[in-house]
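Residue strings, one per chain:
Number of protein chains: 2
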Amino acid sequence: MFDGRNSGNSSFSSRGDGRNTPEHELAVHGMNPASSSHGTRRGKQNRTSDMEVMKERFAKLLLGEDMSGGGEGVTSALALSNAITNLADSMFGEHMKLQPMYPETKEIWRKEMNWLLSVVDHIVQFVPSRQMAKNGTFTEIMVTKQRDDLLMNIPALRKLDSVLLETLDNFKDQKDFWYVPREVEDTEKNGDWRRDENWWLPVVKVPSDGLSEESRRLLQNQKDSVAQVLKAATAINASVLSEMRIPDDYIDSLPKNGKTSLGDFLYKSITEENFDPDYFFSFLDLSTEYKVLDLKNRIEASMVIWKRKMNQKEKDGKSQWGSTVSLEKRELFEVRAETILVMLKQQFPGIPQSSLEISKIKNNKDVGQAILESYSRVIESLASKIMSRVEDVLEADILVQRQMMGEAEVRSESEAESAFSSEYEETEKVAAAETPNSRKLSDFIGWRLSSDTKKHSSMSDIEFFHKVEQEKPMMKSPRALPKKFSYLSKLENMRSPSDRH
Amino acid sequence: MFDGRNSGNSSFSSRGDGRNTPEHELAVHGMNPASSSHGTRRGKQNRTSDMEVMKERFAKLLLGEDMSGGGEGVTSALALSNAITNLADSMFGEHMKLQPMYPETKEIWRKEMNWLLSVVDHIVQFVPSRQMAKNGTFTEIMVTKQRDDLLMNIPALRKLDSVLLETLDNFKDQKDFWYVPREVEDTEKNGDWRRDENWWLPVVKVPSDGLSEESRRLLQNQKDSVAQVLKAATAINASVLSEMRIPDDYIDSLPKNGKTSLGDFLYKSITEENFDPDYFFSFLDLSTEYKVLDLKNRIEASMVIWKRKMNQKEKDGKSQWGSTVSLEKRELFEVRAETILVMLKQQFPGIPQSSLEISKIKNNKDVGQAILESYSRVIESLASKIMSRVEDVLEADILVQRQMMGEAEVRSESEAESAFSSEYEETEKVAAAETPNSRKLSDFIGWRLSSDTKKHSSMSDIEFFHKVEQEKPMMKSPRALPKKFSYLSKLENMRSPSDRH
Numbered sequence: 001m002f003d004g005r006n007s008g009n010s011s012f013s014s015r016g017d018g019r020n021t022p023e024h025e026l027a028v029h030g031m032n033p034a035s036s037s038h039g040t041r042r043g044k045q046n047r048t049s050d051m052e053v054m055k056e057r058f059a060k061l062l063l064g065e066d067m068s069g070g071g072e073g074v075t076s077a078l079a080l081s082n083a084i085t086n087l088a089d090s091m092f093g094e095h096m097k098l099q100p101m102y103p104e105t106k107e108i109w110r111k112e113m114n115w116l117l118s119v120v121d122h123i124v125q126f127v128p129s130r131q132m133a134k135n136g137t138f139t140e141i142m143v144t145k146q147r148d149d150l151l152m153n154i155p156a157l158r159k160l161d162s163v164l165l166e167t168l169d170n171f172k173d174q175k176d177f178w179y180v181p182r183e184v185e186d187t188e189k190n191g192d193w194r195r196d197e198n199w200w201l202p203v204v205k206v207p208s209d210g211l212s213e214e215s216r217r218l219l220q221n222q223k224d225s226v227a228q229v230l231k232a233a234t235a236i237n238a239s240v241l242s243e244m245r246i247p248d249d250y251i252d253s254l255p256k257n258g259k260t261s262l263g264d265f266l267y268k269s270i271t272e273e274n275f276d277p278d279y280f281f282s283f284l285d286l287s288t289e290y291k292v293l294d295l296k297n298r299i300e301a302s303m304v305i306w307k308r309k310m311n312q313k314e315k316d317g318k319s320q321w322g323s324t325v326s327l328e329k330r331e332l333f334e335v336r337a338e339t340i341l342v343m344l345k346q347q348f349p350g351i352p353q354s355s356l357e358i359s360k361i362k363n364n365k366d367v368g369q370a371i372l373e374s375y376s377r378v379i380e381s382l383a384s385k386i387m388s389r390v391e392d393v394l395e396a397d398i399l400v401q402r403q404m405m406g407e408a409e410v411r412s413e414s415e416a417e418s419a420f421s422s423e424y425e426e427t428e429k430v431a432a433a434e435t436p437n438s439r440k441l442s443d444f445i446g447w448r449l450s451s452d453t454k455k456h457s458s459m460s461d462i463e464f465f466h467k468v469e470q471e472k473p474m475m476k477s478p479r480a481l482p483k484k485f486s487y488l489s490k491l492e493n494m495r496s497p498s499d500r501h
Numbered sequence: 001m002f003d004g005r006n007s008g009n010s011s012f013s014s015r016g017d018g019r020n021t022p023e024h025e026l027a028v029h030g031m032n033p034a035s036s037s038h039g040t041r042r043g044k045q046n047r048t049s050d051m052e053v054m055k056e057r058f059a060k061l062l063l064g065e066d067m068s069g070g071g072e073g074v075t076s077a078l079a080l081s082n083a084i085t086n087l088a089d090s091m092f093g094e095h096m097k098l099q100p101m102y103p104e105t106k107e108i109w110r111k112e113m114n115w116l117l118s119v120v121d122h123i124v125q126f127v128p129s130r131q132m133a134k135n136g137t138f139t140e141i142m143v144t145k146q147r148d149d150l151l152m153n154i155p156a157l158r159k160l161d162s163v164l165l166e167t168l169d170n171f172k173d174q175k176d177f178w179y180v181p182r183e184v185e186d187t188e189k190n191g192d193w194r195r196d197e198n199w200w201l202p203v204v205k206v207p208s209d210g211l212s213e214e215s216r217r218l219l220q221n222q223k224d225s226v227a228q229v230l231k232a233a234t235a236i237n238a239s240v241l242s243e244m245r246i247p248d249d250y251i252d253s254l255p256k257n258g259k260t261s262l263g264d265f266l267y268k269s270i271t272e273e274n275f276d277p278d279y280f281f282s283f284l285d286l287s288t289e290y291k292v293l294d295l296k297n298r299i300e301a302s303m304v305i306w307k308r309k310m311n312q313k314e315k316d317g318k319s320q321w322g323s324t325v326s327l328e329k330r331e332l333f334e335v336r337a338e339t340i341l342v343m344l345k346q347q348f349p350g351i352p353q354s355s356l357e358i359s360k361i362k363n364n365k366d367v368g369q370a371i372l373e374s375y376s377r378v379i380e381s382l383a384s385k386i387m388s389r390v391e392d393v394l395e396a397d398i399l400v401q402r403q404m405m406g407e408a409e410v411r412s413e414s415e416a417e418s419a420f421s422s423e424y425e426e427t428e429k430v431a432a433a434e435t436p437n438s439r440k441l442s443d444f445i446g447w448r449l450s451s452d453t454k455k456h457s458s459m460s461d462i463e464f465f466h467k468v469e470q471e472k473p474m475m476k477s478p479r480a481l482p483k484k485f486s487y488l489s490k491l492e493n494m495r496s497p498s499d500r501h
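Each protein sequence line maps, in turn, to chains Y and H. Quick note on the UniProt record's numbering: the first sequence kicks off at 1 and runs consecutively. Quick note on the UniProt record's numbering: the second sequence kicks off at 1 and runs consecutively.
Hints should not be assumed to be uniformly reliable.
The list treats identical chains as interchangeable, and a pair is accepted whether it falls inside one copy or across any two copies.
Stated by the list, open to error - In silico lysine to any residue, SDA-like type, Cα no more than 20 Å apart, as pairs:
{"hint": "1", "residue 1": "K111", "residue 2": "E272"}
{"hint": "2", "residue 1": "K55", "residue 2": "L151"}
{"hint": "3", "residue 1": "K259", "residue 2": "E213"}
{"hint": "4", "residue 1": "K145", "residue 2": "E72"}
{"hint": "5", "residue 1": "K309", "residue 2": "A232"}
{"hint": "6", "residue 1": "K55", "residue 2": "Q146"}
{"hint": "7", "residue 1": "K55", "residue 2": "S118"}
Note that these hints are calculated values from the structure, not bench results.
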C-alpha cells in the first residue's frame with residue numbers, strides 16, 4: 001500500500017530542512033497492542049516523542065515554511081492549508097485498495113489532524129449574553145464562542161472523515177475480491193500494460209462465478225454512503241471557496257471582457273438564443289484533464305468579469321457592457337456559465353483547482369476558512385477515490401458475469417436489468433473503448449444526465465439549472481485519480497533557507 | 001510572592017478569548033514529588049494536559065493573537081516575541097524577594113520557554129559540505145545547519161537563564177535577612193509609606209548587628225555573577241536590535257533634521273567645541289523615567305537622521321548637510337550621541353524601549369531575531385531586578401552598621417573603608433535624599449564615572465567613548481523596577497475577534 005519512501009511519513013514535516021529526523025518512526029514506535037497500556041516505558045517514550053513531533057509541526061507552521069526564519073514564508077492560513085493537504089497526501093496518496101488503513105497510519109492521521117484542527121478551537125466571536133447579578137437583575141455582557149462557520153462545519157467534517165475510514169474498515173474481512181499487481185495481470189495477457197490509463201493501479205479480481213449477493217449489497221451500501229460524504233464535503237468546500245474574497249491579483253490578470261476570456265466558440269455558444277448543455281458539451285474536446293481545467297478557468301474568469309461589470313454599472317449608473325445586451329440576458333448567460341461549472345464539477349470531481357480557486361487559497365488569510373477549505377477538499381478527494389475503487393470491483397463483477405453468460409445472452413437480458421446494473425454496463429463500454437484518451441465528456445455523462453435533459457427539455461435554462469442544483473445527482477465519476485492535491489506543486493511555497501552569515 | 005490573580009498563569013495564554021481555561025492548574029497538577037514518577041495515573045494526566053496547553057499556545061501563536069481567525073493578527077515573529085515577554089512577566093513580574101522561585105513556577109517557565117524556543121531548532125541555513133562516494137571521491141553538497149546567530153546565542157541565553165535561577169536558589173537556606181510587608185514597617189514609623197518610591201516592595205530586614213561575613217560574601221558573589229549575566233544579556237540584546245532593519249514607518253515619522261529632533265539645547269551641547277559628558281548630564285533633568293526616555297528617543301532619532309544624510313551624501317556626491325559641517329565633525333557628533341546613549345543604558349538599565357526599539361520589534365519579521373531579542377531582554381530585565389534586590393540587602397546592612405557605631409564614628413572610618421563599601425554609602429546618600437523625584441542623573445553616576453572622567457579628561461571624546469565601550473563598567477542601577485516589559489502596553493496587539501456572522 002505504501003512504498004518505502006513515504007511509509008506513513010507526513011511529507012509536510014520532512015520537506016526542506018534535510019535533517020530527515022525519523023519522527024514518525026518514533027511516534028509509531030510502541031504502538032503495537034502490547035505497549036498500548038499507558039505507564040510502560042515504551043508508552044512514555046511514545047508520548048514524549050508525540051510532544052516532540054507536535055512541537056516540530058507547529059514550529060514549521062509558525063515559520064510559514066520559510067526555514068531561514070526570515071519571515072518571508074506564507075501566512076498561517078496557507079501554512080495550515082498546505083499542512084493538511086500534505087498530511088492527507090502522505091496518508092491516502094498511495095491507498096489504492098478497498099481495505100482498512102494500517103492502524104499506524106490511521107493513528108497518525110487522527111493525531112496530526114487533531115493537532116492541526118486544534119487551532120480552530122481558539123477562533124472565537126463575541127456574542128451578547130446575559131449575566132445574572134446577586135440581586136437577580138440581568139446585565140447584558142459579551143461572551144466569546146467559537147465562530148459559527150467552524151462550530152457547524154468542523155464537527156461535520158470530522159464525522160465525514162470517520163465515515164470514510166469506517167467504510168474502509170468494513171472491507172476488512174471480505175474475501176470475495178482481491179488485488180493483483182498490474183504487472184502480473186498484464187504479463188499473463190502479454191499486452192503492453194502501460195496502454196491502460198490506470199496502469200499504476202493494482203488490478204481487482206473477483207471469483208470466476210462473480211461476487212456473492214452479500215458482497216454486492218456491501219459494496220452498494222458503501223457506495224451510497226460514500227456518495228453522501230462526497231456530496232456533503234463538496235458542498236462545504238464550494239461554500240467556503242465562494243465566501244473567500246476574489247484576490248486583486250486574480251482580477252488584475254483577467255482579460256478586458258468575457259468574450260476574450262471565453263474565446264469565440266465558447267462565447268457564441270453561451271450567448272446564442274438557444275442553449276442545450278448536452279449539445280454544448282458534445283462539441284467540446286474534454287479528453288484531457290488540461291482541457292477540462294482550461295474550460296473551467298475560462299468560464300470562471302468570464303463570470304468574474306461579467307459580475308464586476310454588472311456591479312460597476314449599478315454603481316456608475318451607465319452601461320459598460322454595451323446597449324445591445326439587456327440585464328435579463330446577462331443574467332441568463334451567467335446562469336448558463338454556472339450550469340456548465342456545475343456539470344463540470346459533477347463529471348470531473350477530481351480535476352485540479354482552477355486558477356481562481358488556487359488564487360483564493362493562496363491569498364486567503366482567514367485561518368478558519370483555510371482549515372475548512374483544505375479539510376473539506378481532502379475529504380472530498382478521499383471520498384471520490386474510494387468511490388472509484390468500489391466501482392472498480394462492481395465493474396469487475398459485471399465483466400465476469402458477462403463472460404459466464406456469453407455476450408449475446410447478456411445483451412438480451414440487459415433491458416430487464418435494474419437501472420443500477422445498466423449504469424455499469426454503460427461505463428464498461430467506455431472503459432472498453434480503444435482510444436481512452438480521446439473520449440468526449442458526453443461519453444461520461446451516462447444515462448442519468450441524458451434522461452434528465454430529456455425530461456427537462458421543455459424547461460428554460462434557469463429552471464434546468466435550479467433543477468440540477470437541487471438534485472445534485474451523483475453521476476459516475478471518471479476513473480482518473482483525483483488530483484486535487486496537485487495545486488501545491490504550482491504554488492511553490494517552499495523557500496530555501498538562504499545563507500545568512 | 002504572587003498575588004492570586006497571576007499565580008503562575010502565563011498571561012499570554014489567558015488574554016483575549018475570555019474562556020479562562022485553567023490550563024496551568026492542569027499542567028501544575030500532579031507536580032508534587034509523590035507523583036513525579038512516571039507511569040502513575042496522575043503523571044499521565046499531567047502529560048496529556050501538557051499536550052493540551054502546548055496546542056493552545058501554538059494555536060494562538062498561529063492566529064497571531066487575532067482570535068477572530070481573520071488573519072489580521074501580528075506576524076509569527078511578533079507573536080513569539082510577545083509570548084516570551086508575557087510569559088516572563090507572569091513568571092517574574094511579582095518576584096520581589098531574594099528567594100528561590102516556587103518549583104511549580106520554575107517548572108512552567110522552563111517548560112513553556114522550551115516550547116517557544118523549539119521554533120529556533122528548525123531555522124536553518126545551507127552550508128557546503130563534502131560527501132564521500134563509494135569510490136572514495138568527494139562531492140560538494142549543500143547541507144542544512146542551524147542559523148549561526150541562533151546556534152551561538154540561544155545556548156548562551158539558556159545558560160544565563162539558569163545562572164539567574166540558580167542565584168535565586170542560592171538564597172534558599174539563608175536566615176540572615178528577611179522581608180516584612182511595607183505596611184507593617186511604615187505603621188511602626190507612623191510615616192506616610194507611599195512617599196517612598198519603592199512603596200510597593202517588601203522591606204528587607206537584617207539582624208541588629210548586621211549580616212554575617214558569610215552572608216556578605218554570598219551576596220557579593222551573587223552580585224558579581226548577576227552582573228556578568230546582565231552584561232552578557234545586554235550585549236546580545238543590543239546586538240540583535242542593531243541588526244534589525246530600521247522600519248520605514250520610523251523613518252517617515254522623523255523630523256527633517258537632527259537639530260529639530262534634539263531641540264536647541266541638546267543640539268548646541270553636542271555640537272559645541274568642547275563636550276564633557278559629565279558636565280552635559282549635570283544640566284539635564286532626568287528625574288523621571290519619561291524624561292530619560294525622551295532624551296534617548298531624541299538622540300536615537302538624530303543619529304538615524306545624520307546617518308541617512310551621510311549615506312545620501314555619499315550616494316549623491318553632494319552635501320545635504322550644509323558646507324559648514326565637515327565629515328570629521330559629523331562623525332564626532334555621532335560619537336558624542338553614541339556616548340550619551342551608552343551612558344544612559346548603563347545608568348538606567350531598566351528604562352522602557354525607545355521608539356526606535358519598539359518600532360524595530362514591532363516590524364521585525366525574522367522569527368529567529370524576535371526570539372533572541374525577547375529572550376535576551378527578559379533575561380536582562382530579570383538580572384537587573386535581582387541585582388537591585390541584592391543591593392537592597394547590602395544597603396540595609398550598611399544602615400544597621402551605621403546605626404550601631406553612631407554617625408560620627410562611621411564618618412571617620414569611612415575614608416579607610418574599601419571602595420566597595422563606599423560605593424554603597426554613596427548610594428545610601430542618594431536613597432536618603434529628601435526629594436527623591438527631583439534627582440539628577442549625576443546623582444546616580446557615583447564615584448566610578450566621576451573618577452573615570454577625571455582619569456580620562458585628557459582624552460578626546462572618541463578615546464573616551466571607546467574606553468567606555470571596552471570597560472562597560474557595571475554601575476549602580478537606579479532602584480526603579482525594570483520596565484522593559486512595558487512596551488507591550490503600547491503595541492496594542494490584541495485585536496478583538498469581530499462578530500462575523
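- Message: At most 20 Å between CA atoms: does that hold for K55 and L151 within a copy, between copies, both, or neither?
- Response: between (26 Å within a copy, 19 Å between copies)
For K259 and E213, with the copy left unspecified, which applies at a CA distance of at most 20 Å: within, between, both, or neither? neither (54 Å within a copy, 94 Å between copies)
Point to revise | Alpha-carbon proximity between K55 and S118, which holds within one copy, between copies, both or neither at 20 Å | key: both (14 Å within a copy, 7 Å between copies)
Checking K145 and E72: alpha-carbon separation at most 20 Å within a copy, between copies, both or neither?
between (32 Å within a copy, 19 Å between copies)
How would you label the pair K55, Q146 (within, between, both, or neither) given a Cα cut-off of 20 Å? The answer is between: 17 Å across copies meets 20 Å, while 24 Å in one copy does not.
Within a copy, between copies, both or neither: where do K111 and E272 come within 20 Å Cα-Cα?
neither (54 Å within a copy, 69 Å between copies)
Intra- versus inter-subunit Cα pairing at 20 Å for K309 with A232:
This pair counts as neither: shortest intra-copy Cα distance 33 Å, inter-copy 63 Å.
Violated hints for the displayed structure, listed by number in ascending order: 1, 3, 5.
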